[in-house]
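Visitor: Each chain is listed here by its residues.
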Amino acid sequence: NAGVTQTPKFQVLKTGQSMTLQCAQDMNHNSMYWYRQDPGMGLRLIYYSASEGTTDKGEVPNGYNVSRLNKREFSLRLESAAPSQTSVYFCASHQTGRHYGYTFGSGTRLTVV
Amino acid sequence: AQRVTQPEKLLSVFKGAPVELKCNYSYSGSPELFWYVQYSRQRLQLLLRHISRESIKGFTADLNKGETSFHLKKPFAQEEDSAMYYCALLYGGATNKLIFGTGTLLAVQP
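Taken in order, these protein sequences are the chains called S and C.
The working numbering numbers the first residue of the first sequence as 1 and each following residue consecutively.
The working numbering numbers the first residue of the second sequence as 1 and each following residue consecutively.
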């Protein structure tokens, strides 16, 4: 039982390049989320998918797109990377029910130069 | 709008001293609150849920609706407690979104 798996763990991009961050969970959770973590700002929600087939914007969606490929997988795409997108990205999933917290992946450390 | 405030960026204590990490929230509904811990360069791990009223690794947290607070406490800090701690509030109904505070770095000195 791997929980939430993110790839890659590290990535360096040049400004204007594109890439996709992959996330998969094996816990049969309905909801999945992408956050970015920046010093002094905590974690901010980029996009989320409350259930398979649905996606919606979070607090900081500009410059990103997402795909909920199936129940297990939720990918985050940067179409044209900018230095402001240098961050650590975390994927998370959530078991249905308000009393449960999230399970997080190990993160992707992205640097845009 | 919902909000989570952690007023301290850094809390430095000596081993064996009591610890209190502050968290205040603003939310119009019934709050569902959590504490997460992140050890150096690792993933976030769920530490406590307010609903379960449990003690994990010696930490406890009580929801005070009158003061809109959910402070994290431990009577005797250990060096291995050094980490970043995030308070989080679940909101958004069925979408179950979490909003995080900005985090407090706990440094336990020997």
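Incorrect hints may appear among the rest.
[As the list claims (entries may be wrong)] Under the rule of at most 30 Å between Cα atoms (straight-line distance), these lysine-lysine pairs were calculated in the DSS-like manner: (1) Lys73/C x Lys57/C; (2) Lys73/C x Lys9/C; (3) Lys9/C x Lys9/S; (4) Lys22/C x Lys65/C; (5) Lys9/S x Lys57/C; (6) Lys73/C x Lys57/S.
[Stated by the list, open to error] Some residues of chain S that are not near chain C, with every Cβ distance over 12 Å (derived): (7) Ser18; (8) Asn30; (9) Lys71; (10) Leu78; (11) His94; (12) Gln95.
Think of the hints as simulated: they come from the structure by calculation, not from any bench.
All C-beta atoms in this analysis are idealised placements derived from N, C-alpha and C, irrespective of residue type, glycine included.
Visitor: Please go over all the hints and tell whether each is borne out by the structure.
Guide: Verification of the hints:
Using a Cα cut-off of 30 Å, the hinted pair Lys73/C and Lys57/C holds, with the two alpha carbons roughly 11 Å apart. Restraint check: the Cα-Cα separation between Lys73/C and Lys9/C comes to about 16 Å, which is no more than 30 Å; the hinted pair holds. Straight-line distance between C-alpha atoms of Lys9/C and Lys9/S comes to about 26 Å, which keeps the hinted pair within the 30 Å bound. Note on Lys22/C and Lys65/C: the hinted pairing holds, with a Cα-Cα distance of about 14 Å set against a maximum of 30 Å.
Taking the CA atoms of Lys9/S and Lys57/C, the gap is near 28 Å; set against the 30 Å cutoff, the hint holds. Between Lys73/C and Lys57/S the alpha-carbon distance is near 34 Å, which puts this suggested pair outside the 30 Å criterion. Residue placement check: Ser18/S keeps its beta carbon more than 12 Å from all beta carbons of chain C (closest about 25 Å). The beta carbon of Asn30/S sits about 9 Å from the closest Cβ of chain C, which is not more than 12 Å, so the claim that it is off the interface is violated.
Separation of Lys71/S from chain C is adequate, the least Cβ-Cβ distance of about 16 Å exceeding the 12 Å criterion. Once the 12 Å rule is applied to beta carbons, Leu78/S is consistent with being away from chain C; the minimum gap is 21 Å. The Cβ of His94/S does not lie farther than 12 Å from every Cβ of chain C; its closest approach is about 5 Å, which violates its non-interface assignment. Residue-level check failed: Gln95/S sits 9 Å from the nearest beta carbon of chain C, not beyond 12 Å.
In the structure shown, a violation is registered for the earlier hints numbered 6, 8, 11 and 12, in ascending order.
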